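K.L.:
Sequence:
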Amino acid sequence: MGRLKARMREAYESNQKNEHRSICLHSFSDLSHVSAATFMYLLKDCYFYGTHKATAKFRILQQQVKRALNNDPQPGPFTYIVQCMYIIPLLGQSHAEGFSHMLISSLRHLKSVESVQKDFIDAKCLAARLVLDILASVVPHEERILVKLLETFDIELKDMAHAFCGSELGDEDLAAAREHLKQHVQYFMKSESYVTAVALMTRFSIQCCDESFLIKLIGGKQYKAAEEWAAFMGKEMIILIIQKYLDVKMLKSANELVKQYDLAEEFPDVNYLYKESSLKKLAEKGCWDVAEVRAKKDTKLMEYLVYLAMEAGYMEKVDELCERYSLEGYVKSLVPEEVMCQSDYLELKKLILEEIVWVDEINELLSATSYIEACKIIGVDCEWKPNYEKGSRPNKVAIIQIASDKKAFIFDLIKLYEDDPKALDCCFRRIMCSSNILKLGYNLQCDLHQLSQSYGELLCFQSYEMLLDIQKLFKETTGGLSGLSKKILGAGLNKTRRNSDWEQRPLSQNQKEYAALDAAVLVHIFHHVRGQPQFGVNEGRQVEWKSHIVSRVNRARSPLRF
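Its first residue numbered 16, the sequence shown is counted upward by one per residue in my numbering.
Calculated from the structure, these hints are not laboratory results.
Quick caveat, the model's predicted, so the values are computed rather than measured.
Idealized CB from N, CA, C, for every residue including glycine.
Hints should not be assumed to be uniformly reliable.
Claimed, not checked - FRET-style restraints, in silico, Cβ to Cβ:
1. Lys68 to Lys231: 31 to 39 Å
2. Lys68 to Glu157: 17 to 25 Å
3. Gly185 to Ser127: 54 to 62 Å
4. Val568 to Asn286: 53 to 61 Å
5. Asp137 to Lys197: 26 to 34 Å
6. Glu343 to Asp435: 42 to 50 Å
7. Lys231 to Leu105: 34 to 42 Å
Put together the whole structure using the sequences plus the hints.
P.N.:
So, in structure tokens, the structure goes:
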């Protein structure tokens with residue numbers, strides 16, 4: 016009996032929804048006799064009955080609204096939407112901003128339609144009245160909606176004066192409207208609503224601030240508003256904001272403003288400084304090939320790239336660039352001891368790693384597996400050759416590094432897979448699926464995904480046990496594994512070789528040391544986290560790392576066939 020009632024209730028609700036949908040579709044197909052209040056009521060119910068997430072529902076409804084606005088809303092689509100904007104606050108505040116944004120955005124495609132231009136002009140005065148009501152808190156709307164109204168309806172000072180004074184306009188009416196708006200600007204500035212204040216100042220030509228306001232905007236990271244206000248104030252203020260950007264090393268923003276306002280004469284070095292900064296960022300990410308392409312046509316920039324490589328201790332890259340671009344003379348002019356700053360980075364010898372073992376033969380694979388199985392804790396990482404072609408698939412994983420606190424193994428996956436995929440799969444399943452070995456990684460799920468994409472026939476990268484992603488213990492740390500190493504161990508990692516060619520054979524000694532360090536440092540970070548509680552404290556409580564251990568056992572796959 017209870018089930019029957021439940022089914023009857025579901026059937027009733029389903030019929031109600033279908034009936035409501037029919038009413039909405041009928042109403043939206045002809046708005047000529049549908050009031051703004053009725054339209055908003057139906058629109059809200061459409062949202063309520065929707066089964067998608069909020070963002071998706073608003074996106075779908077916006078398409079419906081766009082189509083409905085072509086179906087003869089009276090007296091016209093622009094006036095109709097302004098009327099709706101008065102209704103929205105009456106429906107409750109839970110989704111008011113979402114509905115407001117959706118309705119205003121739905122008008123964009125109509126602004127260029129000739130047949131509704133008269134309504135657009137007529138609606139400007141009503142929209143200006145709405146803006147005054149929002150400013151006076153008579154109609155509650157968010158400040159972002161206020162700014163959006165000003166932009167969408169292209170409201171000018173004369174529109175505001177007409178709405179404010181309601182008479183034939185004279186100079187005194189424009190002045191009165193501007194003074195009234197100025198008071199609101201001052202209010203927004205006091206409440207630190209700088210974006211809204213700038214929107215009003217620039218649109219209605221209100222000058223009530225000096226350069227201290229620009230400094231406040233930059234200090235509050237309101238860069239877009241700062242640039243808009245500086246442009247409104249003129250060349251002197253634009254020069255000032257460029258200088259402020261340079262003071263805080265915002266070279267990209269400074270360079271863009273110099274180009275936009277043709278101020279190269281006032282700032283002759285900004286473009287080059289920006290290019291140097293771009294090269295440095297690429298070098299720090301290990302994107303040497305991209306940096307080389309950027310510097311190719313400028314000898315001075317190429318010399319700077321060589322300097323960066325030397326500074327990072329990447330001497331094989333220094334030799335490579337010097338040979339390719341005949342820069343031996345430049346290198347001789349430098350003093351390596353003064354340039355290189357390797358002491359800023361964590362070095363492998365500080366971790367007291369006894370040995371780095373290169374594994375590319377099956378007997379070596381078996382021996383390494385036996386050693387690793389006897390370990391309680393290991394660090395795991397992998398590397399692949401970068402692919403800079405946009406839209407192309409990443410290259411296969413070339414090596415995987417596994418380190419204990421005393422020894423690091425670097426496995427040549429490409430060769431081992433070619434020689435004996437069954438043996439490779441068996442050995443790594445023994446490691447990855449062992450419940451006796453805690454396997455540490457940094458964003459290791461990404462590496463495992465790449466491994467499974469590279470070697471889809473192997474089961475060893477489909478399942479794992481006792482996996483701990485160190486990254487999840489320190490979500491607030493910036494700078495990746497290098498930043499975490501600096502926080503925990505006092506020195507970061509030199510990542511300049513991250514995007515080198517990991518498929519070349521043999522790997523250079525520097526590449527091997529880089530690869531080994533990325534795996535070994537995970538073990539040392541973990542020992543500090545576990546052994547020194549102050550490194551794992553969050554709001555007075557030690558991080559419970561055991562709860563972050565994950566396992567995944569895939570038993571659905573059939574045995575491998577090679």
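K.L.:
The structure should be examined with respect to each hint, and the outcome stated for every one.
P.N.:
Here is how each hint holds up against the structure:
The beta-carbon spacing between Lys68 and Lys231, approximately 38 Å, falls within the hinted interval of 31 to 39 Å. Restraint check, Lys68 to Glu157: a C-beta distance of roughly 21 Å satisfies the suggested window 17 to 25 Å. The supplied range of 54 to 62 Å is broken by Gly185 and Ser127, whose beta-carbon atoms lie about 33 Å from each other. Roughly 56 Å separates the CB atoms of Val568 and Asn286, a value that falls within the hinted 53 to 61 Å.
Here the CB-CB span from Asp137 to Lys197 is close to 27 Å, well matched to the stated 26 to 34 Å. Take Glu343 and Asp435: their Cβ atoms lie about 45 Å apart, and the range 42 to 50 Å holds. A beta carbon spacing of about 36 Å between Lys231 and Leu105 agrees with the range 34 to 42 Å that was offered as a hint.
Violation of the numbered hints given earlier is confined to hint 3; every other hint is satisfied by the structure.
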